[in-house]
Every structure is written in structure tokens, then in C-alpha cells.
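*Asks:* What follows is the residue order along each chain.
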Amino acid sequence: MNKKSPSEPLLSVEHLKMHFPVLGGIFRHQVGKVYAVDDVSLTISRGETVGLVGESGCGKTTVGRSILQLYQPTAGRVTFEGKDLTRLSRKEMRDLRRDMQMIFQDPFESLNSRHTIGNIVEEPFVIHGIGTADERQQKVKELLRRVGLSARARTRFPHEFSGGQRQRVGIARALALNPKLIICDEPVSALDVSIQSQILNLLLDLQQEMGLAYLFIAHDLAVVKHISDRIAVMYLGKIMEYADADTLYAHPAHPYTSALISAIPVPDPTCRRKAEILSGDVPSPIHPPSGCVFHTRCPYAVDQCKETIPELAAVAGGAGDNHQVACIRTGELRL
Amino acid sequence: MNDTPILHVDNLVTAFDTEQGLIRAVDGVSFDVRAGRTLGIVGESGCGKSVTALSIMRLLPKPHGHIEHGRIMFHDQDIATLPADRMHAIRGYGIAMIFQEPMTALNPVHKIDRQLGEVFELHFPEMDNARIREKSVALLKEVGISEARERMNAYPHQLSGGMRQRVMIAMALAGEPEILIADEPTTALDVTIQAQILDLMVKLQQKTGMAIIFITHALGVIAELCDDVLVMYAGTVAERAPVKTLFQHPRHPYTLGLLSAIPRLDNTPKTRLNTIRGMVPSLYELPDGCRFQNRCPYAMAGCSIAPPPLRQIDDNHWVSCYLYR
Numbered sequence: 001m002n003k004k005s006p007s008e009p010l011l012s013v014e015h016l017k018m019h020f021p022v023l024g025g026i027f028r029h030q031v032g033k034v035y036a037v038d039d040v041s042l043t044i045s046r047g048e049t050v051g052l053v054g055e056s057g058c059g060k061t062t063v064g065r066s067i068l069q070l071y072q073p074t075a076g077r078v079t080f081e082g083k084d085l086t087r088l089s090r091k092e093m094r095d096l097r098r099d100m101q102m103i104f105q106d107p108f109e110s111l112n113s114r115h116t117i118g119n120i121v122e123e124p125f126v127i128h129g130i131g132t133a134d135e136r137q138q139k140v141k142e143l144l145r146r147v148g149l150s151a152r153a154r155t156r157f158p159h160e161f162s163g164g165q166r167q168r169v170g171i172a173r174a175l176a177l178n179p180k181l182i183i184c185d186e187p188v189s190a191l192d193v194s195i196q197s198q199i200l201n202l203l204l205d206l207q208q209e210m211g212l213a214y215l216f217i218a219h220d221l222a223v224v225k226h227i228s229d230r231i232a233v234m235y236l237g238k239i240m241e242y243a244d245a246d247t248l249y250a251h252p253a254h255p256y257t258s259a260l261i262s263a264i265p266v267p268d269p270t271c272r273r274k275a276e277i278l279s280g281d282v283p284s285p286i287h288p289p290s291g292c293v294f295h296t297r298c299p300y301a302v303d304q305c306k307e308t309i310p311e312l313a314a315v316a317g318g319a320g321d322n323h324q325v326a327c328i329r330t331g332e333l334r335l
Numbered sequence: 001m002n003d004t005p006i007l008h009v010d011n012l013v014t015a016f017d018t019e020q021g022l023i024r025a026v027d028g029v030s031f032d033v034r035a036g037r038t039l040g041i042v043g044e045s046g047c048g049k050s051v052t053a054l055s056i057m058r059l060l061p062k063p064h065g066h067i068e069h070g071r072i073m074f075h076d077q078d079i080a081t082l083p084a085d086r087m088h089a090i091r092g093y094g095i096a097m098i099f100q101e102p103m104t105a106l107n108p109v110h111k112i113d114r115q116l117g118e119v120f121e122l123h124f125p126e127m128d129n130a131r132i133r134e135k136s137v138a139l140l141k142e143v144g145i146s147e148a149r150e151r152m153n154a155y156p157h158q159l160s161g162g163m164r165q166r167v168m169i170a171m172a173l174a175g176e177p178e179i180l181i182a183d184e185p186t187t188a189l190d191v192t193i194q195a196q197i198l199d200l201m202v203k204l205q206q207k208t209g210m211a212i213i214f215i216t217h218a219l220g221v222i223a224e225l226c227d228d229v230l231v232m233y234a235g236t237v238a239e240r241a242p243v244k245t246l247f248q249h250p251r252h253p254y255t256l257g258l259l260s261a262i263p264r265l266d267n268t269p270k271t272r273l274n275t276i277r278g279m280v281p282s283l284y285e286l287p288d289g290c291r292f293q294n295r296c297p298y299a300m301a302g303c304s305i306a307p308p309p310l311r312q313i314d315d316n317h318w319v320s321c322y323l324y325r
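Read top to bottom, the protein sequences are chains A and B. Per this note's numbering, the first sequence runs over residues 1 to 335. Per this note's numbering, the second sequence runs over residues 1 to 325.
Hint data in this document are derived by calculation from the structure and do not stem from the laboratory. Each hint should be verified, as a subset may be incorrect.
Unchecked claim - Here are a few chain B residues that face chain A, going by a calculated C-beta distance under 7 Å:
1) Thr81
2) Glu134
3) Asp199
4) Leu258
Stated by the list, open to error - Derived DSS-like pairs (lysine-lysine); straight-line CA-CA distance at most 30 Å:
5) A/Lys91 x A/Lys139
6) A/Lys33 x A/Lys139
7) B/Lys111 x B/Lys135
8) A/Lys141 x A/Lys83
9) B/Lys244 x B/Lys111
10) B/Lys270 x A/Lys141
11) B/Lys270 x A/Lys139
12) A/Lys306 x A/Lys180
13) B/Lys141 x B/Lys62
14) B/Lys244 x A/Lys33
15) B/Lys244 x B/Lys135
16) A/Lys17 x A/Lys306
17) B/Lys207 x A/Lys306
18) A/Lys17 x A/Lys141
19) A/Lys180 x B/Lys141
These numbers come from a predicted model, not from an experiment. C-beta: ideal position from N, C-alpha, C; glycine also.
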């Protein structure tokens, strides 16, 4: 891995909060809030992959979008290479977007169906006024080749491609301006297994070659674990646990992480589920439970969990700040 | 265990008339379903697994889809040629089906009690309203819906995805079917909710002894739930085997490829995964011979001449590949 300066992270998110208003009544005034992201902190170093995993509605996508300032965060700081993104002007932010790109779950919806693949991949150069028309065409060819598409693809339209190929186009477009960070929001969730592995390999190769950092957002822990150096597990807008990929899987310290791991069907019929099935559904982020947000589903919850909001803190006897958990019963639990 | 299959599908061919010509989405598929057992049908998008299910239910989109050839023997009746009115009597009682997205399968403007009640009215016309209500509540409880009496007055949008799938299962079970076809029932659900639904299905099967045909693209779910597995590729059967055999001794190059392409929790992070090169051929441009040949690492000259027949290579283990003669 080519981490140039491990001391200073490429991106750091501090106490990020993103609350969306809920409007109601005849005058459409605010009647409540969706606590989509509620005090999330994380850092990403150069060339590193941080995985963000959690179930639907946990706020993982909102974290990604708030980092890119597609939403104006309610509170908190997002620092990229020492610059506080929440204080930048629109012009400054636009320039910075060269360094931070995003790829999406459904590459069909994120590609303009009326544009050719050539136009789509060329667009970042046009927007940022880079190169002559000939140079741009040359770049587009290179990018397409890099993601495993032929140069002939330039004249074709998104609908002529399969899901996996469209995701490659999305990746080519994200790579165009040589970014330092790519936010990948469920990039392989819509793809078939055999294609999913092709895209994951491509992302790994590109990272090796270009020293890219990824924030990899997904609901599938097996996929996240495969591609990430470190993983943050989110539940109802908060980070429950944060650890190295291997540590998280081998020594989960949060009951939610442990339940998430045991809920994943293992492709081996000889080791069928050791039943650790969480009851109930994820509560609404409009009325998150008091205290620990997970206490309503937690098999280990005690009365105090309803009152105390657990802080994310280093796991005792763990890997220091490299393994953090938000649970008041850490230490006593044997997961 | 009773070894006579309750459902016997023999060389099923299902075709669709499209503007670009006739395509065979299912082309020569055969399998058996036995009481109390779960058959998994696994494959990637477009492999024909859902069309196989819709053919059995005789719910193919009209007028384009039709069963072109083959038999679907449910006990001693051939579903493939049964008149529509006699098929009505099988749907629900004999064979019931649940779908991936319960929101689209449930009627958004009716409360749960009405939708569930309707199913009872249809299957048991002699039942009075009080009895229907009682049965409905009991059934909701059985599928693990807490506060079942209150939920009866809920609209589908007031329920979570997992709850809606439980309601769908309740509706499918109302007619006490012998076979439940589940088409990707947990794909739209979160893993912890998926675990609840799979657990529920296993418990219900143990209680009722029904057979389940479970259609999915997820090999993990297959390993966890199924007794027998059918691996489909581009409308044909690649391999058919008991679940342990399939995972421990996969034989078809496609099965091998699929199994090695899944990221596993015990993998070393950030290592390259095995892949299957290329992609599934379009049903409009199928190659002569084996449909997997363009992606197969073992493809030989003979593979492009004629499609490989499904051969038995071991007890209940069938493979369609020229590597095994």
C-alpha cells in the first residue's frame, strides 16, 4: 500500500450530524427530524479502504453524500487534505470535487441514457475545461481500456450494456480526473455474483495502481470485509463498532456486529446457522430509541442501556484506537 | 421419507414471442420435488429460474409466454396442459407462491384483514366471517407477527418489509399448499430480517411437511436452507445434486466458478477473487452447443457442436458437461 503520510489522514469526518426535517400539518412546518446521521467520526488515509456497513436506513449513504457536500451537514466537520469542506465556497468546492468522486449502486440511473458512453466519460474533462477535443478523446479511450471496455464502446449508449459494463463506465467516469478518494455507494449490490467479483477485482487493481482511497458503502458484510482495510458498522445513524477488517470478523465486540455476522448465510451446508437471530425490525430514525439505539433488539440489553448513550471507545485489551466499540457492556460480554 | 415426487418436471421448454423473435427462456429443464424437502434453484439474472416457477404456476405473462414443450406432473395431473379452471383449483391449495417484493404483490388500498380474508373465502367458501377472522389472526401469529389482531387493521405501507413478507407467507399458507414456491423472498430484505424469514420458513416446513422450491441467486441461502439444488444457466440445467454434494464436489465449470467467485467472510481481505470471465450470452444470440462455452476455462472443440446432455455421474448427481462422460 502506498500511504505517503500515514500521520495525516486524507479525509477526516468529525462528529458529523445530518438531520433532515420532517414536514407536516397544513402549513408544512417542521414536526420532527430524521436523525439520519448522528455523530459519526471516521478517517481515511491515502490508499486505504474504509468500509461502511449497515442495514437499510442506517445512514451509510447519507454519510457518503455529506462528505461530498451534496447535503449541507447539520453539524460537524469534514476535512479533506486539511481543508474544511463545510466552509468552502462553491467554486472552491467544485475544484475539490476533482479529487473526490462517487460511484453509485445503479449505474443505469446514474448514466444519462441519451448520451453516448464517450460523452459520459468525457464530461468531467469538459466541465473542468481540460485538454483539447483530441486529447480528451485519447483520454476517454485510455480510461475505457483501463476499466476493461473496448474503445468501440465510445459510440454506444448505456442501454446497450449489461449492469456490470455500465458499472465499469461509472468507474471510468469517476477515474477521469485522477481522484484521490472515491466514495463507492453499494457499487456491486445490483450485480450478479460472477460480475460482482470482476468489479471488486477491478477496484482492487485500480487502488494498487493509482493509490486511490475508497469509502466503500454496502450492506453486505462479506463484500465489505473483502475489500476493506478498516470497517465501521453503522446502526440508526451511529457507528457501533470500528475495527480492522480481520479483527471485526474474528473478535466482534458489539452485539450488533456479532448478530450481523451470524445472520450472513454461509455458502457451506455443513455449517448451518448457529441461531443468533435478532428479533424485531430496525426502529424509525425519526424516533430513535433512548440510550443505546440498539437496545430494543439487543439480546444483552440491561436497564441502563435505555438511559446511557454509549460512547465509541477503544476496546479494552484490543488494538487501541484501531478497535473501538460503542457499548456499555463491552468487557463483560463474551460474543 | 416418501420417495414419490409430488411434482415432476420433465423437459420443460417455455418460450416467449418477442419483437426480435422467439426466445426459449427455459429450455429443457427437468427436476423432481418431494414432500417435506426443499429444492433450491440457483442462477444469475436471466437464467430462467423465475420463468420455471411461473410456468409451474401457469402465471406466464399472456399472450407472449407459453409452455412450448414438456410435462409438469403434479401428482397425476399435467399442469402444462391443464384447462385454466382446473388450474385455479391447484393454485393456492396445491401450489402457492411468494414473490421478492411483497409491496407489489399486496394491494396497497386494502387492509391486511381483507386481503387475508379474501384468500380464505376463495379456498373455503363455507367459512363464515367470524371464523375467517379467527383463522386469519391465528395464521398471522403463526408467521411471527406480534400484535396480530392490531395488524389486521393495517395497510401494507404501514408494515416493514419483513412484516409484509410474513403477510405474504401467511396468504400463501392459507390454502395449506403441498408446495410453496418462494421466488427470491428475502432478496429485498436486510440480512437480520432475512435470517428471521428463513428461520420461519424452516419452522413452517417442519410443521406442515410442505415442499419448498426456493429460487435465489445467493449460494449462501441455498447452503443454509436447501436439501437439493438445481444450478441453472441461460435457460438450461448445468448441474443438479443434493446440497452437500454440490458444495463439496461441484462438477460443472459454472458451479465451480460461482462458488469461487463469492467473497467469503473467512477470506483474506484485499485479495483478488476468482471470476468467471465475460458474461451470460443473450438469449437471442445463443451459441450452438454448450451455452457456457464462451466463459468456460475448460471449453473443448466438441463443446460448440451440440449441447451437452444432462448425465448422471453419481447418486442423484447430474451434470451437463462434456468433461464427464
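*Asks:* Would you mind marking each hint as holding or not holding in the structure?
*Replies:* The hints, checked one at a time:
no., hint, result
1, Thr81, "violated (34 Å)"
2, Glu134, "violated (26 Å)"
3, Asp199, "holds (6 Å)"
4, Leu258, "holds (6 Å)"
5, A/Lys91 x A/Lys139, "holds (25 Å)"
6, A/Lys33 x A/Lys139, "violated (45 Å)"
7, B/Lys111 x B/Lys135, "holds (16 Å)"
8, A/Lys141 x A/Lys83, "violated (33 Å)"
9, B/Lys244 x B/Lys111, "violated (43 Å)"
10, B/Lys270 x A/Lys141, "holds (28 Å)"
11, B/Lys270 x A/Lys139, "holds (28 Å)"
12, A/Lys306 x A/Lys180, "violated (41 Å)"
13, B/Lys141 x B/Lys62, "violated (36 Å)"
14, B/Lys244 x A/Lys33, "violated (50 Å)"
15, B/Lys244 x B/Lys135, "violated (38 Å)"
16, A/Lys17 x A/Lys306, "holds (22 Å)"
17, B/Lys207 x A/Lys306, "violated (37 Å)"
18, A/Lys17 x A/Lys141, "violated (41 Å)"
19, A/Lys180 x B/Lys141, "violated (53 Å)"
Hint violations for this structure: numbers 1, 2, 6, 8, 9, 12, 13, 14, 15, 17, 18, 19, all remaining hints satisfied.
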